[in-house]
Each structure stands twice: as structure tokens, then as C-alpha cells.
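Peer 1: Listed below, chain by chain, are the residues.
2 protein chains.
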Amino acid sequence: MTAPDLSNQIIESVPNFSEGRRPEVIEAIVAAIQAPGVLLLDQSSDWDHNRSVVTVAGSPAAVLEGLFRAVTVAAERINLFEHRGQHPRLGATDVVPLVPIRNITLEECADLAAQLGERIGRELELPVYLYEAAARLPERRNLADVRKGEFELLVQEIDQPARKPDFGPARVGPAGAVIAGARQFLIAYNFYLHSADVAIAKDIAKRIRFSSGGLPGVKALGLLVEGQAQVSVNLVDHTQTPLHTLMDKIMELAAQHGTTVEKTELIGLIPEEAILKAAAHYLRLCDFNRLRIIENAIQAAGEKAQSEA
Amino acid sequence: MTAPDLSNQIIESVPNFSEGRRPEVIEAIVAAIQAPGVLLLDQSSDWDHNRSVVTVAGSPAAVLEGLFRAVTVAAERINLFEHRGQHPRLGATDVVPLVPIRNITLEECADLAAQLGERIGRELELPVYLYEAAARLPERRNLADVRKGEFELLVQEIDQPARKPDFGPARVGPAGAVIAGARQFLIAYNFYLHSADVAIAKDIAKRIRFSSGGLPGVKALGLLVEGQAQVSVNLVDHTQTPLHTLMDKIMELAAQHGTTVEKTELIGLIPEEAILKAAAHYLRLCDFNRLRIIENAIQAAGEKAQSEA
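Chains as they are written, first to last, in my numbering: chain B, 213 to 521; chain V, 213 to 521.
Note that these hints are calculated values from the structure, not bench results. In this text, all values refer to a predicted model and were calculated from it rather than measured experimentally. Hints are supplied without guarantee of correctness; some may be wrong.
A pair counts as met if it fits within one copy or between any two copies, since identical chains are not told apart.
Calculated lysine-lysine pairs in the DSS-like style (CA-CA distance at most 25 Å, straight line) [claimed, not checked]:
no., residue 1, residue 2
1, 461, 475
2, 475, 489
3, 418, 475
4, 489, 414
5, 475, 431
Given these sequences and hints, build the entire structure.
Peer 2: And the structure:
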């Protein structure tokens, strides 16, 4: 296994497989996904959901190859006619999102999702649907809509025009269908208020969430966590609503309620761009980019030296 | 040349050589410094100063080896008895600061400076003085004090007790003496005010600079740059005075003068820790560290995979 060249394009993928109980099947999928140049960042399996989520990263070519190999193994080893679990699913490999990390756009990731889908349809003869940024039909943008009725309903409806796959045959076997797409990196971020009043958190959540007229790319819930009011946010597009915009808006709304943000927490990972943009905003820093950070400059010099060696 | 292992210790060094005119000598020094694992980040030469500044980074062992080789070449090729230039200097390799970058303390860099100095004294038989964090005598902490009277005075005074080198013989040859030490990364950072009144910038500079009772590790000047008042700061220890403390203090002082900070600019590079600390401060973000950044997590996973391969 070789480390990816960070000076070039990097994508992440978080495929979901409909197997969370048989360790040998999960292991085979995780082994398959690690094609040369693919880095395994995380994996988790859930018995009740009967589902595994794997996080990988690398160059687009490496990640696409790893995903194809994992989809192949999942199709061989998982039978949806026998699959039971709490989580909705259409197929053995249920959903494959591609996420831009470095030197690549969301649109390019959507094109990659289509490339992967085309190959799965042609070589594995599985029906493939494209969703979110890769969707070719507006009604397929939303994952929940594509997955409506799950595998069991798709078996009955696959020959209807509305269910025609974007790639592969309009027929469903034991491996079901694959849903491939592209989305921005999702930042899961919590804001704790200096308050024990969950009504304040719920009001702030309602005002910032996009679905009720708030900030683009923001999903939010008001919760009470260990006695403290918390605004729990999924930032699905930090390029539309930067972290500092979210922070400043929540501070403003909290002040209207006579409280403030005591602390915030990040769940999981964050793209470098998102955190650096926040620093530059608050410091009013102009002409800043990641190569002005000495560690990144060292890294880039090392990669340049290696490529010239 | 191999890239450094970023998961381990990284230091930077910015040695200054008393040669800024003969390209073949500068090239020989720069070639020598690039021992295996040493990354050349920058080099610049000045004819008037007759001096070259080279920036390198890598593991402590690699950088120390590269520095020793460069000091050897400089001692062979530069004759201080014939050297003329505007910049003060004691030797062919004039000053060698070691700077902690990752997973290493200033104190460990001071120990490394002593190791390097001991080897230079023993193998090259050059007098070596330790300065700043590596200084063994309080009067040698300040570089300007160590360099007082320059090479020409040192030739006369080397046998005085106060001039006794920390390593090597108490005698001066054509290569002069080497001044080795350790310091924190220096952040050069400018704050532009919404004002054309240089008096405001000068007042703010006076109030923040440590030498007049301001913030620790802060050197500052008030300037007029293209008609705009600018507070120009050298932050010599960002661990003592974080960037956000500096920003907030200058904002507060600017407000007292009825103005504000319009924008800021970074000159050169900044350590990752300094910029991330600013982001976390303003976002009130708890439990954050560099491995929560996806690019860094990918990098670390890649290094782990390589070390296991």
C-alpha cells in the first residue's frame, strides 16, 4: 500500500454495505476495497441495522477501483432476499457517495460516480441509480426518494419507467441495486448553549435550518444533552455556509434569547479548508492558503522531491 | 531524497552563511545541506550583505547531518579574513537556529543545537557559541551580544574568559566561529488599520511590544505602508502569545483610537498549530487537534500503512 500523493486529487468515499453480522463477509469486503493506493480510514458495523459503513480515501482512480472490487464481493456474498435489518436499503452495496477532498470539484466527483455506475452496470450487470450531485433526474437527488419501498418494492417496480436504472439492466437479483453519487463532505458540529432550556436550542435550530428558511446546506436539531441545551448541526455544504457564518448566526440568535454559545464540538472529521477559512475570517487574514502552513510546505516539498527523484 | 515522516519529529533550521556573491560556493553549501531526508524549503542570497539564508526541514538526525555537512563546506570555502558585507557575522557559517515544528520541544531543539555544536567543535575544530534557548550563559542568549564586534573583534578577544567558546578551541581561523541555538518559529504578521495615521500604528506597536511592557514574545513597529497605517509584528513565541490574543488586543487598542483592523497579512510561513489554535479559539471549539482534519487523518493513515508494509 502506498500513501496517496496529496499534491494531486483526493476523494473520500463512505460506501454502505448491507451486512453487519457476518464478520467473514465484512472482512472480505474491507479487504477488497483496499486496492493499491486506497487508504482505509474507518469502518463500523451495526448488528441491528445489519449494515457496515466503510470510509476510504485516495486518488480517484484508486478509490474507484477499490469500490468496484468491494461492490463485486458484496454482490457475491450478500443476498437481499434473505437480508433483514432496521436500516432502509436497496442493495448489497446500498449507497456509494463520492466526496471531494482536495483539488477536485463536486462536479468531477459526480462524473466519477457515473463512471463507477457505468462499470458496475456493465461488468456486474447490477441496476445502478445516480443520486445527489450525480443525479440525472431531479426526483433522484434525494437518497430517501431513491430508496423508497426498499429492495422489496424495487423487485416489483423495476420494470416501471420511473424506476429505470441509470446504468445496468432493469432487473433485480439477490444483490439488489447500487445507488452511487457525489456529495460535499458532511461536517457534524454541535453548539452548546449557556442554558438548560431546550426550547431555545429548538428555536435556534428552526431558524438556521435550510428547510425552514435558514442557511443553505444546514440541517439542525435542538436537543438537551446532559442538562445543557445543544444545537446539533449537520453542515452538508460548508462551501455555501462556512463554519464562521454558522457560529456568528447562532451567537446572534443565542444573544436574542439572552444566552450565548459556551463551547462547540466537532463530531468526526473536518476538511482542512473549512477550519482554515474560519481562522482566516476571524483574523481578517488576506491571501492565505494551505501552503502557507509550514507543515504543508514541508509535505509539498517532499512530494516534489520524490516526484523528481 | 525521501519525504520526512510527518508522524515523527520535525525540525526546521535557517542557517546563515557568510557568502552571497560566489554562486559556486553557495551551490556547494546548498548541495551539502541536502543530506538524505533533508528538505530544502527556501534559499536566498544578498550581494550587499554577502550572505545566504537557507531554510531546511526534516527529522532532527537528518537536519543535523545536513547542517554539519554544510558547515564543513562553508568552513573550507569561506575566508572571513577576506569577507566584506553589510551584515554582522562571526563566521563562515554564522548562525544556525533550530526551530521545533512537530512532536518536539524547544528544549529538545536546544539539546540538538548543543549536539551539533559539540560535533562542529570536535571534528571541524571551530569555536562554537550557543545562543537563545540553547545558551549556557545568560549573556549569550541574545544573538546581537554574541556577535558584538563581529569576526574582527573575536580574533582579538577569543582568549579572554568571557569569549571562551561553548565547544571547540579558543582560537579563530579563516572560518571564524559558529553560533548555534534554538528558538521558536518566528511568525511575521502585519495588521492594517482603517487609518492613514501612522501615529496610531506607532502607539499600538508600543503598547503591544514586550520590550515596553506589552505581550510576551511580541516585537512590533508602527509603519505607514502605501498610505495605510500598519502594525508590523514579529511574533517570536506564538505559544506564549497566540495569534488571537494579538488580534484581540490590537482590535481593542484600535477601537480606543476610533479605528479598527481592516485586514491582516502573513509574511512567509506559519506553524499549523498557530493557525488551528486561532480557529478553535474563535469557534469556541473543544477537544480539537490536527488529526481531526481529514487531510491529516489521510496522511497519518498513509504513513501508518507504509510503516507496516
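Peer 1: 25 Å Cα cut-off: does residue 418 pair with residue 475 within a copy, between copies, both or neither?
Peer 2: Within one copy, since 20 Å is at most 25 Å while 34 Å is not.
Peer 1: With 25 Å as the alpha-carbon cut-off, assign the pair residue 475 and residue 431 to within, between, both or neither.
Peer 2: Answer is within: at 19 Å inside a copy they meet the 25 Å cutoff, but 32 Å across does not.
Peer 1: Could you place residue 461 and residue 475 in one of the four classes (within, between, both, neither) given a Cα distance threshold of 25 Å?
Peer 2: both (15 Å within a copy, 22 Å between copies)
Peer 1: Within a copy, between copies, both or neither: which one fits residue 475 and residue 489 at a CA-CA cutoff of 25 Å?
Peer 2: both (19 Å within a copy, 14 Å between copies)
Peer 1: From the Cα coordinates, with 25 Å as the cut-off, is the pair residue 489 and residue 414 best called within, between, both, or neither?
Peer 2: Neither way: residue 489 and residue 414 sit 27 Å apart in one copy and 30 Å across, limit 25 Å.
Comparing the model with each earlier hint shows a violation of hint 4 alone; every other hint is respected.
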